[in-house]
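**Q** As you go down the protein sequences, you meet chains A, B, C and D in turn.
To convert a position in the first sequence, counted from 1, into my numbering, add 113.
To convert a position in the second sequence, counted from 1, into my numbering, add 9.
To convert a position in the third sequence, counted from 1, into my numbering, add 37.
To convert a position in the fourth sequence, counted from 1, into my numbering, add 942.
Not one of these hints is a red herring.
Here are a few chain C residues that face chain B, going by a calculated C-beta distance under 8 Å: (1) V40; (2) L48; (3) T121; (4) C128; (5) Q130.
Here chain C is said to cover these stretches of chain D; the calculated rule only asks that three of the stretch's residues, wherever they fall, bring their Cβ under 8 Å from a Cβ of chain C: (6) 1080–1086; (7) 1100–1107; (8) 1113–1125.
Using 27 Å as the maximum straight-line C-alpha spacing, the simulated DSS-like pairs for lysine-lysine come out as follows: (9) D:K1185 with D:K1029; (10) B:K12 with D:K1029; (11) D:K949 with D:K1185; (12) C:K198 with D:K1029; (13) C:K198 with C:K114; (14) D:K1029 with D:K949.
In case anyone wonders, no lab produced these hints; they're calculated from the structure.
Glycine included, each C-beta is placed from N, C-alpha and C at the ideal position.
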Amino acid sequence: MMSSGFWAMGGYARYVWPCFGFSCVVLAWNLWSARRFRVAARLRARRAVEMAAVDES
Amino acid sequence: MLKGVSLKLAPRQLLHICGPNGSGKTTLLRVACGLLRPEQGDVSWNGHSISGVRLEYQAALAYASHEPALKGDLTALENLRFAVGMKRRVSTQELRGSLEQTGAAACADLPARVLSAGQRRRVAMARVLAMSASLWLLDEPFTNLDAAGTELMSALLRSHVEQGGAALVVAHHDLPTLLDSRRMDLAA
Amino acid sequence: MSVGAVAAFNLLVRRELCLSFRRPDQLLQPLLFFLIVTTLFPLGLSPELSLLRDMAPGVLWVAALLSSLLSLDGLFKSDADDGTLEQLALCGQGLTLIVVAKTFAHWLVSGAALVLVSPLVGTALGIPVGAFPTMMLSLGLGTLTLSWLGAIGAGLTVGLKRGNVLLSLIVLPLAMPLLIFGASATDRAISGTNAAGALYFLAALCVFTCTLAPFAATTALRITLE
Amino acid sequence: MWTWFYKLASPPYVYGVAAALVPWALGGAALALGYGLIAGLAIAPPDYQQGEAFRMIYVHVPSAILSLTVYTVMATASAVALIWRIKVGHAVAAAAAPIGASFTILALVTGSLWGRPMWGTYWAWDPRLTSELILLFLYAGVMSLRSAFEDPSRGDRAAALLATVGVVNVPIVHFSVVWWNSLHQGATIVKLGAPSMPGSMLWPLLSMWLGFMLFFAAVLCIRLQGEVLNRERQATWVREAVKP
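With the rest of the complex left out, here is chain A:
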């Protein structure tokens, strides 16, 4: 099924594959930056909690 015609996309390969490639990049970036943002927020929260614990003791 993966005939060479498929990859050629009827001559429009120059546009179709970069288009889908960029979409994957954007989706991946969204997921990656969201996860990084959550991890950073958790770290900051944990540090705040530890500092609060130090103050109480």
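Chain A is fixed; fit chains B, C and D onto it per the hints.
**A** Using the frame of chain A, we list chains B, C and D on its own:
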């Protein structure tokens, strides 16, 4: 910032709020006059929360902030006319009268930017006077004032309180002795 | 005897105008900017009047937008810095009246002045005299709408130090329909065809903005003041 | 019914719901996108007019729709937060903004790539692409305004107001751009809209749209957890939430 602070003020009462710098004196005053919204708690006037009767409350109060809040390009008289004129119909003689009362009659026609800090404080006080509001909220009213100015200011405050007005004064130092006032120390 | 809303409005507008005319250079700067920007285009394009005439509406309107934005930054900032804005907010008239009066006074000083200067720029760009009435009408409506959009932006950025660039970034996307209808109204006026369609859209946009923006601007100011 | 809505206002509840939703949303998105890609690229017949190039709509159309949907989600969350003072609304708006902006950029890039075979240039002032560009400026305005304030709660409320004002302007901008385009272009050029499509072409598009929506929900939940944590650092429930 401020936690668990509550105060009651009735006519004929002068409350002096003191405390070290950064203890939230000015913040408390700005919350009291409705400029700042408190996270918890409420400000009420005559029993109603001010969010309900905001305009009537503002019409009844006169607020003098830490800076004298004058437009440099306008003369002292114009500053007064535009500020007090927004609240009540007032004649020029009346404005000049209140400027005289605070000893700033000489600088009535001078642009505010050429006035000294003390003179600006007196013009700001004249504005509070001209508004004839029942509630005065003053932030450090005695700064930049010389001995005569301080005495004049205390006399005005006392007569305002005696005529049934109320006043909330923020000052990090002690008030002049002739003013009998309740004290509330934010540092405690 | 408290002061009625209309009396307070008039007093506040008088105050703003009095303050503006105390510093006439502040008034002239946006107009000079308007003139300078429009003289850039002939230098950049060509002195050929016929070519300029095609570009004239776009050039005129872009320059008008940018010069109005320049003067919008100071709408609330000068009063906020010296504490008078707090006094106004507490004078028992409500913040909306203050925002309406200040924005109207600002438009009189900047937008209306721009409309009066526009024939000068129009002739420089080869716009026929016949098109002047429509051009000035569309500029008047456009600058009034922009003053209101700018009031929202100024309200939001009054507390920020470098708020001017952010103000333009916020206001310009909202002002694009304005540019489209205004420029095409002027363009049709030049080509002699009936400009009513674009003018109606511009007027509709102006009425829509002038009715809703005061509340948005008041909320914006309350957010930064509180 | 109202207790459900009321519970949504409490940050710990929202944090918990967001954490629970993520795996389901991601799984659903993977399935929908997987089917959409395979069907769209390989199974669906080529378009009689655009040939194979039409397959780019499977990414362009969903991202264009999403860019607008996310803006509406952001504006609604902002309006709710402003009017009823629900802080979580600001967290949702702050979380949605970058996602919406990325979808807008995706829509612009895929739009110009898709337009290239037809117009011969990567950028034509097509009414929909222009509206998409202005939407991107609106996103940029909201995000930069939010970060311009030192005090985060003030930045939230300012950005919330701008988002609400912006959403009112989106239809106006779109209408005026279409009007402006039809004014100068006369006969409109090849309409970029999805041509009337037989089922085999349409199902992959719906699946891709569903996939994008679920993906947005998943990323939003992840970002929302971060935003809620940033805004509730002093709250006591945070202690359990971040226990290592």
